[in-house]
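Colleague: Assemble chain P onto chain E, guided by the hints.
Number of protein chains: 2
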Amino acid sequence: MKLSNIRVVLVQTTHPGNIGAAVRAMKNMGLEKLYLVEPKHFPHADATARASGADDLLATAVVCETLEGALAGCGLVFGASARLRTIAWPQVNPRQCASVISTLDDTAEVALVFGREHAGLTNEELEQCHYLVHIPANPEFSSLNLAAAVQVLAYEARVACVDEVASQETGVTSSPMATADEMAGFYRHLEQTIIDIGFLDPANPRQLMRRLRRLFNRAHLDKMELNILRGIFAAAQKNIN
Amino acid sequence: MKLSNIRVVLVQTTHPGNIGAAVRAMKNMGLEKLYLVEPKHFPHADATARASGADDLLATAVVCETLEGALAGCGLVFGASARLRTIAWPQVNPRQCASVISTLDDTAEVALVFGREHAGLTNEELEQCHYLVHIPANPEFSSLNLAAAVQVLAYEARVACVDEVASQETGVTSSPMATADEMAGFYRHLEQTIIDIGFLDPANPRQLMRRLRRLFNRAHLDKMELNILRGIFAAAQKNIN
Numbered sequence: 014m015k016l017s018n019i020r021v022v023l024v025q026t027t028h029p030g031n032i033g034a035a036v037r038a039m040k041n042m043g044l045e046k047l048y049l050v051e052p053k054h055f056p057h058a059d060a061t062a063r064a065s066g067a068d069d070l071l072a073t074a075v076v077c078e079t080l081e082g083a084l085a086g087c088g089l090v091f092g093a094s095a096r097l098r099t100i101a102w103p104q105v106n107p108r109q110c111a112s113v114i115s116t117l118d119d120t121a122e123v124a125l126v127f128g129r130e131h132a133g134l135t136n137e138e139l140e141q142c143h144y145l146v147h148i149p150a151n152p153e154f155s156s157l158n159l160a161a162a163v164q165v166l167a168y169e170a171r172v173a174c175v176d177e178v179a180s181q182e183t184g185v186t187s188s189p190m191a192t193a194d195e196m197a198g199f200y201r202h203l204e205q206t207i208i209d210i211g212f213l214d215p216a217n218p219r220q221l222m223r224r225l226r227r228l229f230n231r232a233h234l235d236k237m238e239l240n241i242l243r244g245i246f247a248a249a250q251k252n253i254n
Numbered sequence: 014m015k016l017s018n019i020r021v022v023l024v025q026t027t028h029p030g031n032i033g034a035a036v037r038a039m040k041n042m043g044l045e046k047l048y049l050v051e052p053k054h055f056p057h058a059d060a061t062a063r064a065s066g067a068d069d070l071l072a073t074a075v076v077c078e079t080l081e082g083a084l085a086g087c088g089l090v091f092g093a094s095a096r097l098r099t100i101a102w103p104q105v106n107p108r109q110c111a112s113v114i115s116t117l118d119d120t121a122e123v124a125l126v127f128g129r130e131h132a133g134l135t136n137e138e139l140e141q142c143h144y145l146v147h148i149p150a151n152p153e154f155s156s157l158n159l160a161a162a163v164q165v166l167a168y169e170a171r172v173a174c175v176d177e178v179a180s181q182e183t184g185v186t187s188s189p190m191a192t193a194d195e196m197a198g199f200y201r202h203l204e205q206t207i208i209d210i211g212f213l214d215p216a217n218p219r220q221l222m223r224r225l226r227r228l229f230n231r232a233h234l235d236k237m238e239l240n241i242l243r244g245i246f247a248a249a250q251k252n253i254n
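Top line first, the protein sequences correspond to chains E and P. Position 48, counted from 1, in the first sequence is what the working numbering calls 61; the numbers after and before it change by one each time, with no gaps. Position 93, counted from 1, in the second sequence is what the working numbering calls 106; the numbers after and before it change by one each time, with no gaps.
The hints are simulated quantities; they were obtained by calculation from the structure and are not laboratory data. Please note: incorrect hints may appear among the correct ones.
Think about it this way: if two alpha-carbon atoms lie no more than 20 angstroms apart in a straight line, the pair counts; the simulated EDC-like pairs of lysine to aspartate or glutamate are [to be verified]:
1. E:Lys236 to E:Asp209
2. E:Lys251 to P:Asp209
3. P:Lys15 to E:Glu153
4. E:Lys53 to E:Glu130
5. P:Lys53 to P:Glu81
6. P:Lys251 to E:Asp209
7. E:Lys251 to E:Asp209
8. P:Lys46 to P:Asp68
9. P:Lys236 to P:Asp209
10. P:Lys53 to P:Glu122
11. P:Lys251 to E:Asp214
12. E:Lys236 to E:Asp118
13. P:Lys236 to P:Glu204
14. E:Lys46 to E:Glu122
15. P:Lys46 to E:Glu153
16. E:Lys251 to P:Asp214
17. E:Lys46 to E:Asp118
18. P:Lys15 to P:Glu45
19. P:Lys251 to E:Glu204
20. P:Lys15 to P:Glu122
21. P:Lys53 to P:Glu153
22. E:Lys15 to E:Glu130
23. E:Lys53 to E:Glu138
24. E:Lys53 to E:Glu78
25. E:Lys15 to P:Glu153
26. E:Lys251 to P:Glu138
27. P:Lys236 to P:Glu81
28. E:Lys46 to E:Asp69
29. E:Lys46 to P:Glu195
30. E:Lys251 to E:Glu204
To give an idea of the interface, some chain E residues facing chain P are shown, with a C-beta separation under 10 angstroms as derived from the structure [claimed, not checked]:
31. Ser155
32. Ile210
33. Arg231
Glycine is no exception: its CB is placed at the ideal position from the N, C-alpha and C atoms.
The shape of chain E in the complex, shown without the other chains:
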């Protein structure tokens, strides 16, 4: 995935200073495409001032009348949501969002959509997104500044994609992330293997599987890594006396 193919879509932004701060955060992280849906004031001197040298992204910004227009051509859309919504919609955290993005190929177009400063995105707008992305925050003070939210998602995208670039340079290609079903099968296979080789006593399991789940959940396995590890488990099982 190319960072430059990630577009940031800001919906009905009230303060032009936030638009400027958002493009600064974008350019810092290597993102280039800004779409504005019905901005209250744009262009504006406050946006230029807060962009602090990222005003090239303001100059190339695309102003749209509708969210649909801003999402045209995007294969994958994430909508930032400060609240855990009552609507049932697939939800990811920023690291999972970045992990999904990093597995896409170089031609993919992705949108990160951010709502109004005080009201966020409407349910109708969120339903145009494939995933809601929720930035973990202090439950008693959970509303991030708009540019701060852009900064967090753009930062996670950069870490995931540039790490990706680095690993591609070492000749290691990537594979799509393992699904929840595949992870469930993985944990069953891991548990059976460590029982078979005599490491886990089913009568006294202690915290072992919980610790191992925590470790491998944190690693966000891709499909190929999962298959390698299951190959190792199978080889260990085959060698049992």
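Modeller: Then chain P, alone, in the frame of chain E:
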């Protein structure tokens, strides 16, 4: 580690709006303690406006004449550095910084130090830090807004420490991170094990170890996890026909 024991230290901040945006980012992520070393304007209406409801952190901010004063009582100090410095000093990325913080106990006091808007921290100031922390950025536009840098480090700290809290609630305690030496021993043991069980052919190793290194480096193993995995390797080796 308690997020409320992480202090943010801002050195000679010029724009009071940045102080306000920084405390908003702090409070969003659950951080509470602000130290200001020789701020140019403080208190100031711009700081209060940008704090957007986090002005309780401005009210309790500690204004110091020196960085030494602001660091008093801190066991671990991270200095934010935009550039890869010429001085040889231990350097971490934001995720590693958060990972180290998350392993500390609840009484630990940690400082995250941020320099001037245009000039950052001096070498003399950086030498008062145990680690430099560098936020990965576009090499052609690498200087983040002060509050955006605070946001990224506070976000990583929250993700690491709240994940920690969640896992403690499930009864899984944490352990200090594995050292580079221990990881080297881990990879030797892993490689020997998968050779012994017939999964890795040393004559045709392909990308296997590279992929496994990438996976386990990403997981940031703690000492206990490393010992569990080495226990599994040893059990698999013991069962070889």
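Colleague: Below or equal to 20 angstroms on CA atoms is what counts here, so check Lys53 (chain P) against Glu153 (chain P).
Modeller: 29 angstroms, violated
Colleague: Regarding the pair Lys46 (chain E) and Asp118 (chain E), is the alpha-carbon distance no greater than 20 angstroms?
Modeller: Distance ~18 angstroms between Lys46 (chain E) and Asp118 (chain E) Cα, so the pair holds.
Colleague: Given the hinted pair Lys53 (chain E) and Glu130 (chain E), is their Cα-Cα distance within 20 angstroms?
Modeller: 12 angstroms, holds
Colleague: Run the distance test for Lys15 (chain P) versus Glu122 (chain P): straight-line Cα separation, threshold 20 angstroms.
Modeller: Roughly 9 angstroms between the alpha carbons, so the hint for Lys15 (chain P) and Glu122 (chain P) holds.
Colleague: Against the 20 angstroms threshold, does the CA-CA distance of Lys15 (chain P) and Glu45 (chain P) hold or violate the hint?
Modeller: Between Lys15 (chain P) and Glu45 (chain P) the Cα gap is close to 10 angstroms, so the pair holds against 20 angstroms.
Colleague: Check whether the Cα positions of Lys251 (chain E) and Asp209 (chain P) lie no farther apart than 20 angstroms.
Modeller: 12 angstroms, holds
Colleague: Given the hint that Lys53 (chain P) pairs with Glu122 (chain P), does the C-alpha gap stay at or below 20 angstroms?
Modeller: 26 angstroms, violated
Colleague: Lys236 (chain P) and Glu81 (chain P): Cα distance at most 20 angstroms?
Modeller: 33 angstroms, violated
Colleague: Can the restraint linking Lys251 (chain E) and Glu204 (chain E) be considered satisfied, given a maximum Cα separation of 20 angstroms?
Modeller: With a Cα-Cα distance of about 15 angstroms, the restraint between Lys251 (chain E) and Glu204 (chain E) holds, given a limit of 20 angstroms.
Colleague: At a threshold of 10 angstroms, is the proposed contact between Ser155 (chain E) and chain P supported by beta-carbon distances?
Modeller: 7 angstroms, holds
Colleague: Check whether the Cα positions of Lys236 (chain E) and Asp118 (chain E) lie no farther apart than 20 angstroms.
Modeller: 16 angstroms, holds
Colleague: Is the hinted pair Lys251 (chain E) and Asp209 (chain E) satisfied, with a Cα-Cα distance of at most 20 angstroms?
Modeller: This hinted pair holds, its Cα atoms lying about 10 angstroms apart.
Of the numbered hints listed earlier, those contradicted by the structure are 1, 9, 10, 21, 22, 26, 27 and 29.
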